[in-house]
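A.B. asks: Listed here are the chains, written in short residue letters.
Protein chains: 4
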Amino acid sequence: MTAAQLTLVQIDNYGPWTVTPEPRREMDLQTLQSRLFADLAQYIGNRGGYVFFTRFDNMVAVTNGLDRRDHDLLQESVGNRFPVTVSLGVGVDEVPIEALESATRRVQAAGSAQSSDRSEAFAGEFRDAAGDEDVHIAHFDVNDATGKYTDRMNEFDSFINIEHGYASLMKYMREEHGALSFFVGGDNVIAVCPDLAHDDYMGAIDHVADDADVQLKVGVGSGATPHDAGYAAKHALEDCRYEGTLVEFA
Amino acid sequence: MTAAQLTLVQIDNYGPWTVTPEPRREMDLQTLQSRLFADLAQYIGNRGGYVFFTRFDNMVAVTNGLDRRDHDLLQESVGNRFPVTVSLGVGVDEVPIEALESATRRVQAAGSAQSSDRSEAFAGEFRDAAGDEDVHIAHFDVNDATGKYTDRMNEFDSFINIEHGYASLMKYMREEHGALSFFVGGDNVIAVCPDLAHDDYMGAIDHVADDADVQLKVGVGSGATPHDAGYAAKHALEDCRYEGTLVEFA
Amino acid sequence: MTAAQLTLVQIDNYGPWTVTPEPRREMDLQTLQSRLFADLAQYIGNRGGYVFFTRFDNMVAVTNGLDRRDHDLLQESVGNRFPVTVSLGVGVDEVPIEALESATRRVQAAGSAQSSDRSEAFAGEFRDAAGDEDVHIAHFDVNDATGKYTDRMNEFDSFINIEHGYASLMKYMREEHGALSFFVGGDNVIAVCPDLAHDDYMGAIDHVADDADVQLKVGVGSGATPHDAGYAAKHALEDCRYEGTLVEFA
Amino acid sequence: MTAAQLTLVQIDNYGPWTVTPEPRREMDLQTLQSRLFADLAQYIGNRGGYVFFTRFDNMVAVTNGLDRRDHDLLQESVGNRFPVTVSLGVGVDEVPIEALESATRRVQAAGSAQSSDRSEAFAGEFRDAAGDEDVHIAHFDVNDATGKYTDRMNEFDSFINIEHGYASLMKYMREEHGALSFFVGGDNVIAVCPDLAHDDYMGAIDHVADDADVQLKVGVGSGATPHDAGYAAKHALEDCRYEGTLVEFA
Chain A
2 MTAAQLTLVQ
12 IDNYGPWTVT
22 PEPRREMDLQ
32 TLQSRLFADL
42 AQYIGNRGGY
52 VFFTRFDNMV
62 AVTNGLDRRD
72 HDLLQESVGN
82 RFPVTVSLGV
92 GVDEVPIEAL
102 ESATRRVQAA
112 GSAQSSDRSE
122 AFAGEFRDAA
132 GDEDVHIAHF
142 DVNDATGKYT
152 DRMNEFDSFI
162 NIEHGYASLM
172 KYMREEHGAL
182 SFFVGGDNVI
192 AVCPDLAHDD
202 YMGAIDHVAD
212 DADVQLKVGV
222 GSGATPHDAG
232 YAAKHALEDC
242 RYEGTLVEFA
Chain P
2 MTAAQLTLVQ
12 IDNYGPWTVT
22 PEPRREMDLQ
32 TLQSRLFADL
42 AQYIGNRGGY
52 VFFTRFDNMV
62 AVTNGLDRRD
72 HDLLQESVGN
82 RFPVTVSLGV
92 GVDEVPIEAL
102 ESATRRVQAA
112 GSAQSSDRSE
122 AFAGEFRDAA
132 GDEDVHIAHF
142 DVNDATGKYT
152 DRMNEFDSFI
162 NIEHGYASLM
172 KYMREEHGAL
182 SFFVGGDNVI
192 AVCPDLAHDD
202 YMGAIDHVAD
212 DADVQLKVGV
222 GSGATPHDAG
232 YAAKHALEDC
242 RYEGTLVEFA
Chain C
2 MTAAQLTLVQ
12 IDNYGPWTVT
22 PEPRREMDLQ
32 TLQSRLFADL
42 AQYIGNRGGY
52 VFFTRFDNMV
62 AVTNGLDRRD
72 HDLLQESVGN
82 RFPVTVSLGV
92 GVDEVPIEAL
102 ESATRRVQAA
112 GSAQSSDRSE
122 AFAGEFRDAA
132 GDEDVHIAHF
142 DVNDATGKYT
152 DRMNEFDSFI
162 NIEHGYASLM
172 KYMREEHGAL
182 SFFVGGDNVI
192 AVCPDLAHDD
202 YMGAIDHVAD
212 DADVQLKVGV
222 GSGATPHDAG
232 YAAKHALEDC
242 RYEGTLVEFA
Chain G
2 MTAAQLTLVQ
12 IDNYGPWTVT
22 PEPRREMDLQ
32 TLQSRLFADL
42 AQYIGNRGGY
52 VFFTRFDNMV
62 AVTNGLDRRD
72 HDLLQESVGN
82 RFPVTVSLGV
92 GVDEVPIEAL
102 ESATRRVQAA
112 GSAQSSDRSE
122 AFAGEFRDAA
132 GDEDVHIAHF
142 DVNDATGKYT
152 DRMNEFDSFI
162 NIEHGYASLM
172 KYMREEHGAL
182 SFFVGGDNVI
192 AVCPDLAHDD
202 YMGAIDHVAD
212 DADVQLKVGV
222 GSGATPHDAG
232 YAAKHALEDC
242 RYEGTLVEFA
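Residue numbers (the working numbering), protein chains in the order written: chain A, 2 to 251; chain P, 2 to 251; chain C, 2 to 251; chain G, 2 to 251.
Keep in mind the hints are simulated off the structure, nothing from the lab. These numbers were taken from a predicted model, which means no experiment stands behind them. Beta carbons are placed, not taken as given, at the ideal position from N, Cα and C, and that holds for glycine. Fair warning: there could be bad hints in the mix.
In silico lysine to aspartate or glutamate, EDC-like type, Cα no more than 20 Å apart, as pairs [what the hints assert, rightly or not]:
{"#": "1", "chain 1": "P", "residue 1": "K172", "chain 2": "A", "residue 2": "D214"}
{"#": "2", "chain 1": "P", "residue 1": "K172", "chain 2": "A", "residue 2": "D212"}
{"#": "3", "chain 1": "G", "residue 1": "K172", "chain 2": "C", "residue 2": "D158"}
{"#": "4", "chain 1": "P", "residue 1": "K172", "chain 2": "P", "residue 2": "D207"}
Residues of chain G clear of chain A, computed beta-carbon distances all greater than 12 Å [as the list claims (entries may be wrong)]:
{"#": "5", "residue": "T3"}
{"#": "6", "residue": "A4"}
{"#": "7", "residue": "E95"}
{"#": "8", "residue": "R106"}
{"#": "9", "residue": "R107"}
{"#": "10", "residue": "G112"}
{"#": "11", "residue": "S113"}
{"#": "12", "residue": "F127"}
{"#": "13", "residue": "I161"}
{"#": "14", "residue": "R175"}
{"#": "15", "residue": "E176"}
{"#": "16", "residue": "M203"}
{"#": "17", "residue": "E239"}
{"#": "18", "residue": "E244"}
If the Cβ cut is set under 7 Å, some of the chain A residues that face chain G in the computed set are [said to hold, decoys possible]:
{"#": "19", "residue": "D29"}
{"#": "20", "residue": "N81"}
{"#": "21", "residue": "P84"}
Please take these sequences and the hints and turn them into a complete structure.
C.D. replies: Right under this line is the structure:
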């Protein structure tokens, strides 16, 4: 049974910090944000988790396999090495959006994202046991994105197309299934899903083809951790490539 | 007169590399991508330019103030420190999308994004002189995003709203004005624009309010470099905040 | 009983790589080396271990608490994100130099540091159980280094003094006790030691005062991991500061 | 005529910060220090300068080619992205140690390295013109270090040997010539020198062979910037390798 553990990582009082005492150089902010994300990707990733940059000041992680102590240490280490601190909320649920809802509510309960009083809040529940079917990851990409877009259009128009497909997918998967879909670069989208069937994924692909005129394919995997599930999904996506199919399960 | 210099940074043969000999760990790829972007943000940013992560394997930079030698060294330094190399194309035009079109065509002419034969291609034209009105930057954000979204909704639904507003804005600005709009985290979008009037920006804000139900405001600045223009735009956006207005020019 | 687990991290074929096809920019090499070290410090450090930069192309880590799988993943992740790969050797012994001797021999047995045939070699033995006295860490610093050196001399002469004290200490501790002492910045030296007595440390401090005219003090801790032992040592060193003593055990 | 521009980069009030409110995790400090150094290496390095990690909390840079504005921006950018700030002092002299003496005195005049009152101090003089002989760089390495040490001894004993040779060289070059020698990893030492003759370098090599039983060779270059001089020195060192000589000038 699916039991996704979702963590919200929210930078404390970040908006005000970026303009105090004067607006800070934009490229310094971009550097800070992307390096913080990179460090989370390493820390969470080498414990079997996944993290997505989302809005950078708010990042969403799937953290099955990471316990309270792992989160504690992450928070301490960020505070030791960055000029900002982070608050953490953790939730567990069969449906990813519900887990994130709990996680977010825990952070919100500790104070506003723009409150100077809140610093390094941390509350959550954790998945104790680890089941082989705890996490479901779907790895989507765009059919022949290089041939259709990258090698043919200017980069911004390529980006608009990919982005348009992503916007359509993210909304559909969230509304229909409570799944969370994240753009991860290139033409790739990774979704954290409940336990869905072949037809559910086919439905999503059809929807995006109709709605945004973007042709997706998807590999799906499950596992005890996001990495296990995601790695299986990547292999399944390779199968799509070789077989010419649109949906493959690991 | 506007003369935006746009650089396309494209990782060479990245797609195949990510799955050779086996799919690589997703969080290592995320780390690599975001650190490459961070390094570009530092290098380009401390020379007065701006770079946007776009799709990470393809990044778009506004590089007024950086000459051929600066680009050469950037390419060499990336090759010395990362397991991947980058190709660069540079174009100059009054309309940003046209400059990017030239930049992209130069990279495409050197070979496919997924060709193992192309490595560290580099071609471009450069803006010699520097005029005070060469670059126009518009810095948009969402009115009270913290109160309306971040402190109230779960993070994914906040993200869907912000993303939806961004998708609407990016498309409108590109189609109406040949401007390039990039999400830069939080509730912020930075657009590289031709020389536009107050009503043009008001038109964009109205469109997004109608189309996506997201209320934006914008500060606009111009300068010899993206940093100069963007820094002025940030101050203008602060003016919007204090004055309660929707469009301010520096 | 002490049972230090030592890991040698050696960059594969690094010397030749730095001059192929032409000498690479020195500052790019410095960046690469220090970032690789930083990543090891995070990975090993947040699992309770310690790593020292040593010669940068060869780094020495105390890895009690990290098993074979942790080392495997470290090696894979470095290979995914850097233009170089690393070989790893691991050894366990009551005397740190003996553990490193085994660790080094395992890497050497796989091929020369400058062989293009050796890549990602990995061999070792691991400490299974974890005892509270497995690791002994001594944290030395220089008495009033700021007042005597930093605020008074030019930085190079300050450095020569600190360096001179370090050279004297490292040699003494290695020869007398088989302990490994590493300069970690500022006026700090961290030593991985066998189980030593108060007088042994007093002997080292006296030796350095005589030999190099540098006045050290030291805090000593022990634990199941380097972090546990080192953290206790830091607190003991704080005790020296408050008490005005030269040797304190946690 | 030589005119080396030396910059001292000193972290403000770092010692107290590392133990406030409690001692911080050592591996976080190591990460912070080495990443700060890496960023300086990129910033200074891609402007033609060299920076050395020295004691990490105090770093020494050769900054011919970087003006006041470059230093200003460096200081601002560090403050935006790290939890610590840096003070900068700059000096120019024919003899490197004299330039560093001036640079250090300027930082010391602004307050103690452990004063909470001093933050982002910056004072200095700059080399206006750029002459082809402004900077002299000598790049030393150890003859057959891999064969004699790395592939044969345990890593700590290799390190002791290299370190011993370095300690001997740094002291000799400073006392005899006012030159500053820095270990840069592996078996490499880079020295910033006044204008020295072949016999001066031969004298240094002989001294180290006698004093520390370590056989060095050296390539020497000069140029308008450290990179120009250092790159020529690297090529000269390659010449030593091919010719079997001990001292080569570019």
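A.B. asks: Now tell me if each hint is right for this structure.
C.D. replies: Hint check results:
1. K172(P) x D214(A): Given that 20 Å is the threshold and the Cα spacing comes to 15 Å, the pair holds.
2. K172(P) x D212(A): Holds, at roughly 16 Å.
3. K172(G) x D158(C): Holds, because 9 Å separates the two Cα atoms, which is no more than 20 Å.
4. K172(P) x D207(P): The given pair, whose Cα atoms are some 14 Å apart, holds under the 20 Å limit.
5. T3: Check passes; 35 Å lies beyond 12 Å.
6. A4: With a cut-off of 12 Å, A4(G) remains clear of chain A, as the shortest Cβ separation is near 31 Å.
7. E95: Since the minimum Cβ distance to chain A is about 36 Å, E95(G) lies beyond 12 Å and the statement holds.
8. R106: The assertion about R106(G) holds, with a minimum of 29 Å to chain A.
9. R107: holds, 26 Å
10. G112: Answer for G112(G): holds, closest chain A Cβ roughly 21 Å.
11. S113: The claim holds: S113(G) sits with its nearest Cβ about 23 Å from chain A, beyond 12 Å.
12. F127: Check passes; 23 Å lies beyond 12 Å.
13. I161: I161(G) clear of chain A: closest Cβ-Cβ about 31 Å, beyond 12 Å.
14. R175: Holds, since 34 Å exceeds 12 Å.
15. E176: With a cut-off of 12 Å, E176(G) remains clear of chain A, as the shortest Cβ separation is near 39 Å.
16. M203: Correct as stated: the minimum Cβ-Cβ distance to chain A is 46 Å, above 12 Å.
17. E239: holds, 35 Å
18. E244: holds, 44 Å
19. D29: Because about 4 Å separates D29(A) from the closest Cβ in chain G, which is inside the 7 Å limit, the hint holds.
20. N81: With a closest approach of 4 Å, the N81(A) hint holds.
21. P84: P84(A) check passes; min Cβ-Cβ to chain G is 5 Å, inside 7 Å.
Of the numbered hints stated above, none is contradicted by the structure.
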